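Chain by chain, the residues:
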Amino acid sequence: MSLQLFSFLVAGVVVLTGSLGVVMAKHPVHAALFLIQTLFGVAVEFLVVEAHFLAAIQVIVYAGAIVILFLFVIMLLGVDNAEDLSVEPIIGQRPLAFVGGAAILGLLLAIINSAGITGVPGNVDAPGPTGEVLPNVNQLAESIFTEQVFAFEVTGILLTVAVVGAVVMARRIPGALQPLPDIPAISGFGFGSTGDTDTDGDADAAMAAGDEQGDDS
Amino acid sequence: MVDFVYLVPLFPLLGFISLMLVGRRLGEPAAGYLATAACGGAFASTVVTFFGIRGLEEEERQVTKTLFNWVIAGDFGVDVAFLVDPLSVAMMLFVTGIGTLIHLYSVGYMHGDPNFSKFFIYLNMFVFSMLILVLGDNLLLTFLGWEGVGACSYFLVSFWFTEEKNAMAGKKAFVTNRVGDWGFMVATFLAFATIGSIDYLTINGTAAQLSTPVLAALILLLFVGVMGKSAQFPLYLWLPDAMAGPTPVSALIHAATMVTSGVYLLTRVNGLIYEALLHAQWVTNIIAWVGVGTAFFAATIAIAQTDIKKVLAYSTVSQLGYMVLAVGSGVFVAAIFHMITHAFFKALLFLGSGSVIHGMDDDQDMRRYGGLRKLMPITSATFIIGWLAIAGVPPFAGFWSKDEILLSAWDLGGLNGKLLWFFGLITALMTAFYMSRQVFMTFYGDYRFGDPDADEVDEAWAAYLAHAQDAKLEAGTAADDAIEAHTKAVAALETAREAYVDAQIELSQAADEEATVAAQKVVDAKSTAVDKAEAAEEKAQAARDEAGAVAKAASQADADARSEASRRVEPAPGEQLTAGAASEFVPAAVKQRAEHHPHESNWQMTTPLVVLAVLSIFGGLLNLPFTSDLHFLEHWLEPSIVFEHKFAASGLTKWILAIVSIVAGGIGIMGAVMIYLKHNADPKKIEKPILLDAWGYDRAVSAFMGGPGAKMFEGIAWLDANIVDGMVNGTGSFVRGSGSAVRRLQSGLVRSYALGITLGSVALLAWFLVRVAA
Amino acid sequence: MLTPTYYLVLSALVFSIGAVGVLVRRNPLVMFMCVELMLNAVNLTFIGLAWGLNDIGGQVSVFFVMVVAAAEVVVGLAIVVAIMRRRDGATADDLSVLRG
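Chains as they are written, first to last, in this note's numbering: chain A, 64 to 280; chain B, 509 to 1282; chain C, 227 to 326.
Quick caveat, the hints were computed from the structure, so don't treat them as lab data.
All values reported here derive from a predicted model rather than from experimental measurement.
Check each hint, because a few of them may be wrong.
[Unchecked claim] Just the calculated beta-carbon pair ranges, DEER-fashion:
{"hint": "1", "chain 1": "B", "residue 1": "Val1280", "chain 2": "A", "residue 2": "Ile131", "range": "36 to 46 angstroms"}
{"hint": "2", "chain 1": "C", "residue 1": "Asn280", "chain 2": "B", "residue 2": "Thr1239", "range": "53 to 63 angstroms"}
{"hint": "3", "chain 1": "B", "residue 1": "Phe576", "chain 2": "A", "residue 2": "Gly219", "range": "41 to 51 angstroms"}
Ideal placement from N, C-alpha and C gives every residue a C-beta, glycine not left out.
Isolated chain A (complex conformation):
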């Protein structure tokens, strides 16, 4: 077992436990911490195949910035209350979710199995355009700033738009806040409803009223 494979396996265990933790942790703060674990694991996996620059970015941007942003929001809103994972309001959602997840996994594995990947692994020693061997960062930079320069510029616009959008949405609106509509009925994906049928009736009545209006006009 080579060191490379060993490193991959260790990091893989870290990633898998981390991601399972994210999904299963009742507390969002714990979930965020598990997410950091996962992201670190992924960064290590990047290092294993010598994607140094991306590994660094992974740690700095993802683990460092994004997850911290998550934590900020959790703290800011004070929503660090635990979620009761033993209850599922939407009928049939959870079994279908597991079936769907398992199906995706199975199909992906089947596809991986049937699709042969050809090529010589390794990118460290790949010669650059001038013939000399360039470091990974240089190669990446060359691709981004030559072939992909337009996409790169567009990402700049995307980020600006995202920032503006976030500011607009999160800003405090003067005056009393309108409460969210209280909807007691929670029905699943065509699998009936835990709630009563009154709301359905109301909705039908409203629809009928709309129809009448439509007929009049």
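Chains B and C: place on chain A using the hints.
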């Protein structure tokens, strides 16, 4: 020079647009002259185009000028394109030429009409539409013009729409034509479905490859359209009513141009009809028989009409029947030849009748005409030329063209051809008869416009009798009153006498002097009263006797009037109608007419008459039958007509047929001379009321449409409302129903949607797997 | 011997876990975290294949995915903040205004 063809429809279009904009401001007569100039411009450009076409080699004389692509759908395309060939040019020449003359005529005819400029807007629009109809190189463009002329016909027939009758006539023309248009449209669809193209050159070119049912359906559906537009039985009935329009309209639209467009259409698709002649002769036989049947039927009706324009209307229907007969016989040249000569002489006759109507204070009843020859010299001279032309008197135009049609019917051979020829011949005889009748009634005989006609004489007699009866009754009542008064006077005398006797008794019993004096006074007074009463009684008696005598006289007068009325004899034919003893009682209209002085029309109206009269005389030169060199029209049309028709009949047969038809025309004219000029027979024997009523056909159609027909159409309307609309509405409610069912899927729950995405990606992955595995 | 297939398998596992997480969890923040897991799974594929096929393009894609993820988190969290202001402790199931 063929490019000048673009100008041909452009001129009337510009005229139409500018009249729309400034017509009212131009007023009378400038608007009329502008319209005339527009039509004249079209005529001039047509002449240039004519020379352009003539300059081409004979094989190249079919030029398609495309303006732009109109309808494009896959391989199928319809262009706004003009097909310039000898046929369309020939048609355009007489449409624009006669159109210009009639425009000029209208300037005079519509003088003083409050909607003077509007009339010319419609007229120019009509000419434009007609040219599009003629020039269109495909069925769709022709249909556009076809509908355009139909709309203009509607506008112009009901031009004086304030009168209910005129508006109804316009509606009738429009609705009846819709029936025919149905056939035209379905034929277009069929051509699209089977041939894949609707332009004439392709249709004619592929006619040979069509199967017989398709060929027959195409021709017969187009023929349904022709029945409507060219007023063939059973759809002819709008044309006589269309006479409600101004007379120039009748001349231009309902005689010379629009109604011939059906025949033109059939000639345009002569490739199809030729194919039918070769392989499915029953189709062309239907056309020929409808044509000759219409000609015959309409001619019988024309015999009895009293309205001068109605005679010409039925005559037009009849002549159109001739043209359709020619098409059905496969001799398109004859059809076009007759179309052109007919346009000359029928336009002339209509314009002449318009001139007469104009001169006769808008009275259209021929029975009141007579002796107008001296009063309207130009009108009568030109009208007589038109009459000779239509009656088939050589060498006038109508003789040559009509004879060629009869010859082509004969040439079909067999009993079929001979029967067609025979009915055509009888129709020619009747044509000569009713046209002569019209001429004799209008221009010959005595001037009798101020005299009452038969109906008015009856009216006068009725008024006379009613008057006498009234007088008798009145006198009788007066006599009764006088007798009553006398009886009363006698009674009063009795009373006075009794009072006198009483007073004398009183006097004889008087006791003293004083009483005697008083009684004597009373007796004197009573005596005076008796004298007075006696005088009154005598007077009343005299009055009674006098009233009695008056009553007796009145009663005698009434009896005399009645016996006079009963002794009234039918006037001998041609004798001047008078009301005799009742002449005091003729209706006021007669007196009004008596004060009217007929006059010749102004130059705008007579100039076209003279030009058309010249054309009616020499129109036959277009296609004289004697030698092949004289077949100008036939040689001209050769590039447009798919095959060359050669008459099988020998020269001798032709001569015999021509002489027979001249004899038939002569018999017709002689018959009319006997009846209407020499008055040797009573016209009532010929003018049966059922003929005046058009064999009751019109009424039967109206009764059917009002009764069972209306019920049937209501049934169809029900089907439409419930079944057809039901299907549409059903689609709607199905969508709505399924929508409200599917609505439940929209739970608004983000995680449900996410689950949907997940399941979708599972399906996608499964598909990938299948593809990778495969 | 390490092959790209290892990466693909790991990626499939993480992606499935993330997908199940999105479907099962109700806290919008945690759902976002699960989305991040799925994005990282995809990144793993890219990196593995970039290495396996000896092509820098995979790494470039990862770079862009990260940028997009950052933008998405910014906007998403802003939405969460806007919602949470209105009702404390709201879950994804409470936001069913789009109900048909």
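Cross-check of the supplied hints:
B:Val1280 and A:Ile131 have their C-beta atoms about 41 angstroms apart, which keeps the hinted 36 to 46 angstroms range intact. A beta carbon spacing of about 58 angstroms between C:Asn280 and B:Thr1239 agrees with the range 53 to 63 angstroms that was offered as a hint. A hinted range of 41 to 51 angstroms for the beta carbons of B:Phe576 and A:Gly219 is consistent with their spacing of about 50 angstroms.
Consistency with the previously given hints is maintained throughout, with no hint failing.
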